[in-house]
Amino acid sequence: MSLSSNNRTQPPPPSAARLLRLLRWVLPVALFVIAVVIEWGEHVRIEGESVSPSFFVETALFGLIGPTVIFLTLSWVVRLIDAYARTSDELAEVNRDLEAKISQRTAHLEVATAQLASANDDLAAANEELRQLDRLKSEFVSLVSHQLRAPLTNIRGALEIISESADGLPPTSRRPLEILTLETGHLSTLIVKILDVSRIEAGRLSLSLGPVAVEPLLARACAGTFGPERGRRWRLNVEAGLPPAWADEMLLEEVVRNLLENAARYAPSEHPVAVSATIGGGHIRVVVEDHGPGIPIEEHGLIFGSFHRIGESDSTASGYGLGLYLAEKLVVAMGGAIGVESPIWPEPDGPGSRFFFTLPVAPDEPRGLDDETEDA
Amino acid sequence: MARLLVIDDDRSLVELLSDYLTRAGHEVTGAPDGQRGLAAAAETRPELIILDVTMPGLDGWQTLARLRAGDTVPVIMLTARGDEAEILRGFAAGADDYVTKPFSFAQLAARIGAVVERTSSGRQAPEVLRGSDLEVDTVRHRVLRAGVPIELTPTEFSILVTLMREAGRVLSARQIVTEVWGSEYMEETGYIRRYVWHLRQKLEVDPRQPRYVLNERGIGYLFPAAE
Numbered sequence: 059m060s061l062s063s064n065n066r067t068q069p070p071p072p073s074a075a076r077l078l079r080l081l082r083w084v085l086p087v088a089l090f091v092i093a094v095v096i097e098w099g100e101h102v103r104i105e106g107e108s109v110s111p112s113f114f115v116e117t118a119l120f121g122l123i124g125p126t127v128i129f130l131t132l133s134w135v136v137r138l139i140d141a142y143a144r145t146s147d148e149l150a151e152v153n154r155d156l157e158a159k160i161s162q163r164t165a166h167l168e169v170a171t172a173q174l175a176s177a178n179d180d181l182a183a184a185n186e187e188l189r190q191l192d193r194l195k196s197e198f199v200s201l202v203s204h205q206l207r208a209p210l211t212n213i214r215g216a217l218e219i220i221s222e223s224a225d226g227l228p229p230t231s232r233r234p235l236e237i238l239t240l241e242t243g244h245l246s247t248l249i250v251k252i253l254d255v256s257r258i259e260a261g262r263l264s265l266s267l268g269p270v271a272v273e274p275l276l277a278r279a280c281a282g283t284f285g286p287e288r289g290r291r292w293r294l295n296v297e298a299g300l301p302p303a304w305a306d307e308m309l310l311e312e313v314v315r316n317l318l319e320n321a322a323r324y325a326p327s328e329h330p331v332a333v334s335a336t337i338g339g340g341h342i343r344v345v346v347e348d349h350g351p352g353i354p355i356e357e358h359g360l361i362f363g364s365f366h367r368i369g370e371s372d373s374t375a376s377g378y379g380l381g382l383y384l385a386e387k388l389v390v391a392m393g394g395a396i397g398v399e400s401p402i403w404p405e406p407d408g409p410g411s412r413f414f415f416t417l418p419v420a421p422d423e424p425r426g427l428d429d430e431t432e433d434a
Numbered sequence: 005m006a007r008l009l010v011i012d013d014d015r016s017l018v019e020l021l022s023d024y025l026t027r028a029g030h031e032v033t034g035a036p037d038g039q040r041g042l043a044a045a046a047e048t049r050p051e052l053i054i055l056d057v058t059m060p061g062l063d064g065w066q067t068l069a070r071l072r073a074g075d076t077v078p079v080i081m082l083t084a085r086g087d088e089a090e091i092l093r094g095f096a097a098g099a100d101d102y103v104t105k106p107f108s109f110a111q112l113a114a115r116i117g118a119v120v121e122r123t124s125s126g127r128q129a130p131e132v133l134r135g136s137d138l139e140v141d142t143v144r145h146r147v148l149r150a151g152v153p154i155e156l157t158p159t160e161f162s163i164l165v166t167l168m169r170e171a172g173r174v175l176s177a178r179q180i181v182t183e184v185w186g187s188e189y190m191e192e193t194g195y196i197r198r199y200v201w202h203l204r205q206k207l208e209v210d211p212r213q214p215r216y217v218l219n220e221r222g223i224g225y226l227f228p229a230a231e
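Just so you know, the sequences run in chain order A and B. Under our numbering, the first residue of the first sequence is numbered 59, with each subsequent residue one higher. Under our numbering, the first residue of the second sequence is numbered 5, with each subsequent residue one higher.
Read the hints as simulated data drawn from the structure, not as lab findings. Please note: incorrect hints may appear among the correct ones.
[What the hints assert, rightly or not] Where chain A lies over chain B, by a calculated footprint (3+ residues, C-beta under 8 Å):
| hint | region |
| --- | --- |
| 1 | 22-29 |
| 2 | 101-110 |
| 3 | 158-171 |
| 4 | 192-200 |
[Stated by the list, open to error] DEER-style ranges, computed between Cβ atoms:
| hint | chain 1 | residue 1 | chain 2 | residue 2 | range |
| --- | --- | --- | --- | --- | --- |
| 5 | B | 212 | A | 201 | 43 to 53 Å |
| 6 | B | 97 | A | 224 | 52 to 62 Å |
| 7 | B | 98 | A | 188 | 37 to 47 Å |
| 8 | A | 390 | B | 145 | 21 to 31 Å |
| 9 | B | 205 | A | 187 | 42 to 52 Å |
| 10 | A | 226 | B | 205 | 50 to 60 Å |
| 11 | B | 212 | A | 175 | 56 to 66 Å |
| 12 | A | 266 | B | 97 | 15 to 25 Å |
| 13 | B | 70 | A | 237 | 40 to 50 Å |
| 14 | A | 266 | B | 218 | 20 to 30 Å |
| 15 | B | 145 | A | 338 | 52 to 62 Å |
| 16 | A | 359 | B | 218 | 51 to 61 Å |
| 17 | B | 70 | A | 225 | 18 to 28 Å |
| 18 | B | 205 | A | 240 | 41 to 51 Å |
Note that the Cβ used here is the ideal one computed from N, Cα and C, for glycine as well.
Bound-form chain B, shown alone (with noise of 0.2 Å):
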């Protein structure tokens, strides 16, 4: 399936994780620290690689950067926090996704295949949608305004990706909901507009001008295409 390297200093980690990878299909070589996981990785050319965050000597993040300075290989890192600093900074150093400790093997093999089907048929190109100076990673769930992070909750996110694929197109808020909660909740068209509200809040420069997500009068909302 796919050549992985794993770098933790855990050896017994490294040792079970190469074994029930090895059983489904994937071909995987341990390295035990940073140092000896860049060897690895210049000498085996990994397709995808799986790294530890805290590890004596050079550690994860290290690691990551020297990676990123030669090379687009997807890296997973396992964090050893649940903190949504430290996964941020994972995506920011260029991190592909992450797992937290204690993660079960399953839950990793299913993102390493979603992470290296994405990489392998989209070429290094995970879903980023672009419009004007915005830009919005779907994969790491990022949003960028002229390059500045905006914080958007997982439902106004959903909202944004939802208009910006149909960018050009008015979309009624049957269809946003529709898109976003499911078809039973197709009715429940209410929330739509305090949800776009708050959205253009965080969004917009000036929400009362808004560039982003635009209002069509009695029919619905939608982000303008590009020109």
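Chain A extracted, bound-state conformation (with noise of 0.2 Å):
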């Protein structure tokens, strides 16, 4: 930008102002022998007079008087000119000093730009290659899984087979062989969760939504988890006439088992698991509260990253930190929120901890459609 470009009042050209410096003296000279010549010929040649009092006042009159005032005008004159040109360069020197500052700090913002693009490139660069290396990771453990599979099959058949004949062993490698069984099968499910995991973060996890009645559910998988006898190791509370969730069945249970199995494996035993549902808002609210050691305030944001285990230093429970992993992946998958609370009870060896996820309602007939259909 140039501010001069905007200056419309230009100072006089220094030709000009040069010629009314000159004019200045000339014009007065010229004025003052222009009016001696007329007077000495008035008084002189034509009036015969000699060199009078007459001749000299009016040659004072016209040839002093008449040209000092044009002198002196003009001298005003040319110090206006002079101080408009004064201003005039004053004002072309701030413009210029200006014009240098905008420069030198539209330079400035332009370095800045340019940095602030290239480490806008060098993010993008850094985010790009992350995302490349959790894809990476993702198909190695993806691929590492589908390999472990079919040696793990074999194991497993292998320890089945040896298990037929297990009254046959010596005692002490029954205990080794029950051991050996346990800890396959948690493999299995490790590689069945991480194959899961995969799935899902490979985008390629296909929900079938409809309507899930959530207490069958719930109380099918607290079944499967602690066995069929309720009030001892788990209880169930669903509030009456609880509409059905907007979910996919099998994935629902999956997170449902995920909760439980977690309750199970950290909570005593002596004290049930709770159970519930409720509506609220609009959504199915789902809790399951325990007796069992909580979790760490510091934590709460953490139990639902992958790998993650509860207390790391714990190396009796046996979890491997994707269940709640996966729970949060399937519920937000369904439209729902995941959390946890704790501690929740006052007891300082048991304060509990509370999970808790929302789903939304399935949606209802619009009214007349079809007729009421009460059970006859």
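Two chains, two frames, a set of hints: combine them into the complex.
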């Protein structure tokens, strides 16, 4: 941007100023000479007077006063012009300074913009690299898990064959065989979970959404985790008239089972795990409460991350840190949210934790389309 | 019990499975790839084939296609992935059941027993319910309307099967609930209306003019009997 281009009042050109300075002297002198010549001609040549006082008076009147007035006027104009020129120069100077400053700032800004763009590019590249790494990691984990399935099937099969004739084994071999079978089962579960997670991460999870009656599903999941007997290890309380949720039945059961397995793993068996379902705010809310050791507040934001285990140092619990991660991904995929509260009880040795998740309610049919089909 | 053929390139698995299934009373032959599996199938005329999907050369799908070209022998696929797409593809290609690795031998043995029993008693006819242009395969959990697959949730599927098994009879909401969820939920009839509405959205050509799941005012629902 140039400020001088906006400056409409140009100073007069220097040649005009010079002419005016010259005229300031030339014009009065010329007028004086003309007045003297005229007066001399008039008095001496025409009227034949000798140099008389009236000649001097008139010469002084026309030859001095007029030119002096003109000289003063022109001097004043010249001063004005000079002042104007000086102001213009100063203005131009200021303009130049301003322009210099602006171009300097613009240059700085351009450098900063370039640096920002470059930093942005670096960030985008780093981001892409991270995404690539994450993809690679997922693919690697998925590949390894796939590869592990075949040998694991064989190991499990071999153990099943040995277990069938375990009675013939010495007692010292029976317990290790039991442990082998148990651990192989854990490993199978882990691999299936890893493959589920990698399917979700790769966006290959397909949902089969429909209405899901919550109570039968919760009862089935509880019985599957803790055994069929109610009251001792688990309690279920479902709000009367709870409408069906809108979810994928199989995946919803997987979510509930993950929460229940967590409770079963960490909570003492003398307190039943309390499962409940209520409706509020247009959502169905399922809650799982236990009397376990609880979850430190600083871990609340972390436990839904992959491979995060509650209390890393605790080696007795056999979780792999995938259950809650999977549960969170599945709940979100079904349009709900998941969370945790802890502590929930005043007991210091069993502060417990409350896991909850929400699900949308299955849309109801528009009224009047189908008639009421009350049980006859 | 039954003559079985195991086709898998994992020799250890073939060996272990043969051992396990022989102990369970079956007569087992093994084959290490699709080509030799087809030859063994022609030679031993097995009553059931256990077929691995991932094999070098002729893979499980190609082997299944060739088996299906000339035979209706039941096939249980050993899939490497738990993908629904792969499982659906397996059923569409004519597999009778599938087991996903890692599986337990006891689980596979139970599936073998079920498939053998189904195919020997019902003679190749797994329970398929038909009504109008609707075809419901209760074993493979597959619904076709005029040949086009329709995806239902397991409970929607159960409701449909319950109605189709009693085609022409009106079932009360209480009867449907008892059949689908068990007698302890007998009073929870509030579910049904919503389930039926969603079932119609997926099943019917025009959900407002239902043809398959009809309403009998004040009594219940019925699937119309074939004319």
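Status of each hint after checking the structure:
1. 22-29: holds (count 3)
2. 101-110: With 6 residues closer than 8 Å to chain A, the region 101-110 of chain B meets the three-residue bar; holds.
3. 158-171: Holds: 3 residues of the region 158-171 of chain B have a Cβ under 8 Å from chain A.
4. 192-200: holds (count 9)
5. B:212 <-> A:201: 43 to 53 Å: Once the Cβ atoms are compared, 49 Å apart, the range 43 to 53 Å for residue 201 of chain A and residue 212 of chain B holds.
6. B:97 <-> A:224: 52 to 62 Å: Taking Cβ atoms as reference, residue 97 of chain B and residue 224 of chain A lie about 39 Å apart, which means the hint is violated.
7. B:98 <-> A:188: 37 to 47 Å: Check passed, 45 Å falls within 37 to 47 Å.
8. A:390 <-> B:145: 21 to 31 Å: holds (27 Å)
9. B:205 <-> A:187: 42 to 52 Å: Distance hint for residue 205 of chain B, residue 187 of chain A holds at roughly 45 Å.
10. A:226 <-> B:205: 50 to 60 Å: Roughly 59 Å apart at Cβ, these two residues keep to the hinted range, so it holds.
11. B:212 <-> A:175: 56 to 66 Å: holds (58 Å)
12. A:266 <-> B:97: 15 to 25 Å: For residue 266 of chain A and residue 97 of chain B the Cβ distance comes to about 21 Å; the hint holds.
13. B:70 <-> A:237: 40 to 50 Å: holds (44 Å)
14. A:266 <-> B:218: 20 to 30 Å: holds (25 Å)
15. B:145 <-> A:338: 52 to 62 Å: violated (34 Å)
16. A:359 <-> B:218: 51 to 61 Å: The hint (51 to 61 Å, Cβ to Cβ) holds, given that residue 359 of chain A and residue 218 of chain B are roughly 52 Å apart.
17. B:70 <-> A:225: 18 to 28 Å: violated (44 Å)
18. B:205 <-> A:240: 41 to 51 Å: holds (45 Å)
Hints 6, 15 and 17, counting from the list given before, are not met by this structure.
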